[in-house]
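Trainee: First to last, the sequence lines map onto chains D and U.
Just so you know, our numbering puts 280 at position 280 of the first sequence, and the rest follows in order with no gaps.
Numbers given in our numbering equal positions in the second sequence, counted from 1, plus 1000.
Please note that a few of the clues may not be correct.
[Said to hold, decoys possible] Across the chosen pairs, the derived CB separations fall in these ranges: (1) D:F412 / U:S1403: 54 to 60 Å; (2) D:S438 / U:R1431: 17 to 23 Å; (3) U:M1378 / D:K589: 25 to 31 Å; (4) D:Q599 / U:D1535: 51 to 57 Å.
Please keep in mind that the hints were generated in silico from the structure rather than gathered at the bench.
No residue lacks a Cβ here, since even glycine has one placed at the ideal position from N, Cα and C.
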Amino acid sequence: MRIKKKHQAGAAKNFITRTQAVKKLQLSLADFRRICIFKGIYPRAPRSAKKANKGSTAPTTFYYTKDIQYLLHEPVIQKFRDHKIFARKLSRALGRGDVSDAKRLDENRPRYRLDLIVKERYPTFLDAVRDLDDALSMLFLFAAMPASDKVSARVTEDAEKLCNQWMAYVARERLLRKVFVSIKGVYYEAEVKGQEVVWLVPFKFPQNIPTDIDFRIMLTFLEFYTTLLQFVLYRLYANAGIVYPPKIDAAKVQGVGGISAYVMEGKREKESLLQTSTTKKAITESEMASRAQTISTVLNKITDHAAGDTIATLADDDDEEEVTETLDKFTALPSTDTVISDIIPQPDETSPEEIVKTLFSPFTFYVGREVPLEIVEFTILSLGGTVVSESVLDGYLHVDTDALPDAEEVDFDARQREVDALLKKVTHQICDRPALASRVPGRIYVQPQWVFDSLNRGRLVPVDEYAVGATLPPHLSPWGDGAGYDPEDIGKEEEGEESEEEDEEVEGDKEVEGDEEEIEVDEEEEDEEDEALQHQRELESEAKGIIYSSTASKKRKRADKKPKKSAEEKQAEEEKELRKIMMTNKQKKLYNQMQYGIQKKETRRETLKTKRRKLEKNKQNKKRVL
Amino acid sequence: MAKRKLAGAKKPAAKPQTSVQITGNQQGSKLENVPARAPRLLIEDEDEDNEDGDEEGYIDDEAEEAEDDELEYESDLDEYDDEDDVSEKFEGLLDGAISDSESEDEASDDASEGDGEEDDADANEEALHFGEDDENEEHEDEAEVIKNSVSDDDEEDEYLSKYSAASEAESLSSISSDQDDSRIAYYTAGADGGPRPIYHEIDPHYSSDDSDLEDMNTIGNVPLSAYDEYPHIGYDINGKRIMRPATGSALDSLLDSIEVPEGWTGLIDKESGADLKLTKDELELVKKIQLGENAGDVNPYENTIEWFSSKTEIMALSAAPEPKRRFVPSRHEAKRIMKIVKAIREGRIVPNKPKVRPEQMVYDLWADDLQEQQPHVMHIPAPKLAKPTNDESYNPPEEYLPSEEEINAWNETDAMDRERDYLPRKYSSLRTVPRYEDFVRERFERSLDLYLAPRVRKNKLNIDPDSLLPKLPSPQDLRPFPIKCSVTYRGHKGRVRAVSIDSSGLWLATGGDDGTVRIWEVLTGREIWKATVGDDDEAVQSVEWNPVKDSGILAVSAGEKIFLCLPPIFDDETEVAGQELLAAGWGYAAQPAPVEHINKEQQCKWIKPSTKLASQGVDVVIVCRKTVKQIAWHRRGDYFTGVSPEGANMAVLVHQVSKHNTQSPFRKSKGIIQRAQFHPFKPMLYVATQRYVRIYDLSTQSLTKALQPGARWLSSFDIHPQGDNVITGSYDKRVTWHDLDLSTKPYRTLRYHTRAVRDVRFHTRLPLFCSASDDGYINVFHGTVYDDLLRNPLLVPLKVLKGHTVVQSLGVLKVAWHPKEAWLFSVGADGTAKLWTS
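The following block holds chain D by itself, in its conformation from the complex:
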């Protein structure tokens, strides 16, 4: 038998250190980093670092050798090399003051495209949708960032455009499932093509940009994410029958910006729109370019009939279609002895998701100017509601006539009338102020959290808790708590416990007659001891001058119940402990690891519970004092 050499196979072959990889690819470290980000290549932690590093235990980063091998033939790397040469030529031309040469070079600079890399990384569309979380979060961050010397304005503009296109799509298709306003920003969850996509949007404030952050890395990621989202959006729009890229309503960009400026026009409708100019949509289409201030367009602008108009009307069309093309029900044949018929799960019209889609469709919301419009608008539109924004209305009614491009006479009375007609439709007003000076009768006044909670619960939450100036109920994460603690359940439990106690007192009598006499005997013994103790305590407290309250006796009752319950539990637990003896070492380790996590969760749950109890006690005490 031949002697096998060490470090010739296995982990030593499968993994390659970073330095080796860079040498093999003949790239600079920065270029290597970029290609890794584009191609989604990441370091690995081999099972045995020593084996992978050929016997050395020095800390090293390992890559999978085949990943690097694939990179050898990557066209983008060739472009990197071309770019290096281009940079050299350009710098030489600039050094010589050869401006025209430099310009020519710059025009023909080598450019790479990432579309094939996107396709390579996500062979199917669903793969791409599944991996959108990070892409969206990054794009939304850059959309909110100011342009600086590190981040060019083009980049932020592109990011903002893509973000708005994404939101416009989600709103039109009513795909939003969850909203969570956290201290970091707003989390959204949409269900796109059956995949959960969660992204985080920062609040609209200038971001704090730490100085020690390498923006090149983030921009490289952004470059890839931009390409990814472009192609994903194209496909999504195409599947939804909408033209991509959506046209931007110039008037609305000036007014509100955001998703309401996007005209989502269907591919089928496009032709008809061009022919029939009587419909409202046609006006938005054709006249938007020439006369941005015509009444009808502005009407669109105000109502946000928008998103409102275009989205909603298109959605109406869809609805009509849906009405005509009602789903056929497949009723399964009753299964016989010979034939067993499977029942296929079918889309249910009354499913919570379907309800959520049209939760707000009968309502028109008047959004106060103090409310962050982009959050509320997106949510309401996704639930089928209509939005009227105070800030947009103000802009419409108090237009600066001098600033108009063509000195057109603005008929303010007519405008006022339009607005009044519009305001009549408003059912809810969302405002975020401590108090309101005047209220319009017939409107429901709520704080913005009502919108989010309604979506998360999948039903219209009672309004009274969210009234203006009221202390809001806690805003809970739709994804629950990591430790499995549910603050709402706790509330229910405590309510339940009180009623349970009464019930059990009645039941307790019956139990005595039952067959658990033995246990009763035991209990009696314990009771005797307890009573003695109880008596002692009472005496002590009397000596101190405190009335031994009835709550204490209640507690005692509860305490009585516990051992009865725990006797069985104890036995079970004991048996469990005994069975643990017979576990193998491996099983024991695994079991203990699992128990660690479980214990941690358990302790967190317990601490939260005790805190809650304490708080409630304090509250009760306060009430009593009052």
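Dock chain U against chain D, hints included.
Mentor: Relative to chain D, chain U alone:
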């Protein structure tokens, strides 16, 4: 020879002129050669010059020029016709002068050249130059004309330039005709009888062409020999005769030939008719030309002159006239521009088209719609970020808000070690929520994680932890087994180290550190009998009842002594039988022992007890050399072993009660012996050292097996009543079960005690065993051994008996099973013995 060479040398110089003449463009030379020509010709020459200057040549014009040239020649011929004969004479004269063998044609050529050699040199060069230029331009022009036929625009230009050239020529001719009349002084009768104009004497002023040619012979190409008969040799520029210079007599010439004057060549100057003299330098030059060397005074190694240097010159270096192409719009460019214009008109090129950024080109990337594939095994997708929980809410439930201590703790911990990267905060309304300071940083860190963090696939077991617990029969189904402590036997002071129950199961014997042996009534817990055996409070190490029914013998070891007692608790018959059995040995001991036993006798003495001990019920005392830690009876009750770990090769001794005899089975030390025990029914001895349990066959006196429990220090072991299984307990907390049929290694190793295991015991009848430990607990197990060899023993933990208190880190020291019931007796460091019943 010299003459011939000269003529040969002249030939190449003459050639260029002939070639120029063939092209028919010898305007320059013509002007010089024919100064007094008809005014018509002169005008035509000027015309041609003009056209040259115009730099526009056309085929038509060329044709005209050619015609003009023909006319010129004709006129020339006319002039010279009458002098034909004369020219022949000249030829002959020259022939004689230059060379005899030269042909006439050549000679004529040479002569004509020779005449105007110096004068024509410059002009020839010029002509050559112009000719070349013209040639080139002609070609260009031809090409242009062909092109012009295609493009109309160009034609217009052509016409314009032509027209202007023609008009210029006309104006010039009119001026020259005016001047003609003024030049004529008077007319005389010519040779043809017509008036012959006589011109004014030409005043060759500075601007005149011939200013430097004074007294020039003007006979032109006519050979000088033609004037041989005349006293003159030609005419000067004014038409006056140039008289032949005076020639000396034949003698003079002979003298001259003998006495060669300086510079003599023997040639006659055509111009003057005198001897042609050449200076030394001139001769040198001719020689150089002959040899093909550089004729001029040229230094081949001259310093380079940097004409084109970094210095900016004020004046232009080249005086060359600007070429035509610099002034004329390029047709080629025009053509290219027209192409682009056409492309723009046709829409093939869209000017000022906004550039489409390549990244903005979007299409359906997933059009081919692949089926979802299983990702590569080695691919590890990046984990998604954890979903936000309630405590991240802007308005969380109040219990999530951190307390003061939690905030402090959070602030104190390093950012790396924090469980959460934020502190929960509560805001009363949405409008009060500020920005999140670390938003950018968190995104950045996520990016870093995505491309920089080594990934590893961790298989997360998504199973119920309880499923890991082995499936065992419920202890409830395996009853009876001891559950609770029913009786506690108190009385010992200090630790109780030994316990034994008699075969009837009624009497419990215990021994402790206080040096007493006590017998208790099992059910009531009453102390019945007590004997103090240890001298000076020596601890009782071991107490064992004789296993034979109704023998009533109790073996007690304390210190180095073993006491065989007959406690007075049985009926008289039993007592008497026991006494007889013990006493019988004295007789054997009295007999002289065999020689080999003498030594052993000395080491282990069987003596009668003192009266004090005898009164307490002790019948026999065996004195050993070392402390006897353990006693174990043979099942027949005649033999028992005593183990004294320090005894080296005498550590295990086998005592025979009936003969008061002691044997040492081992010659050599086998290590520190912990325990020794007889097989339940086979003649075998099991001996436990610190690490091994050795099994000796007593009949063959050989080692059959050595078990390796894998423990560091065994404390105890016990043999299953069927003899095929052994359990061991060790001080390193392990209990092992050995199946002797399987291996020398343990079948199961169990670790459940938290302290050293002190004792392990099998029940003699029921499938039960137990282990006692210093942690104060006794673990009771069910252990079924099947007759089927293929089935492994079934071990089920049944109960943990907790009751003994731990004193000075010692817990339960010894246990004993009731011979019939599932009862267990245990003694501990707390000074009590306990009975555990089911």
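Trainee: Indicate, hint by hint, whether the structure satisfies it.
Mentor: How the hints compare with the structure:
{"no.": "1", "hint": "D:F412 / U:S1403: 54 to 60 Å", "result": "58 Å, holds"}
{"no.": "2", "hint": "D:S438 / U:R1431: 17 to 23 Å", "result": "20 Å, holds"}
{"no.": "3", "hint": "U:M1378 / D:K589: 25 to 31 Å", "result": "27 Å, holds"}
{"no.": "4", "hint": "D:Q599 / U:D1535: 51 to 57 Å", "result": "56 Å, holds"}
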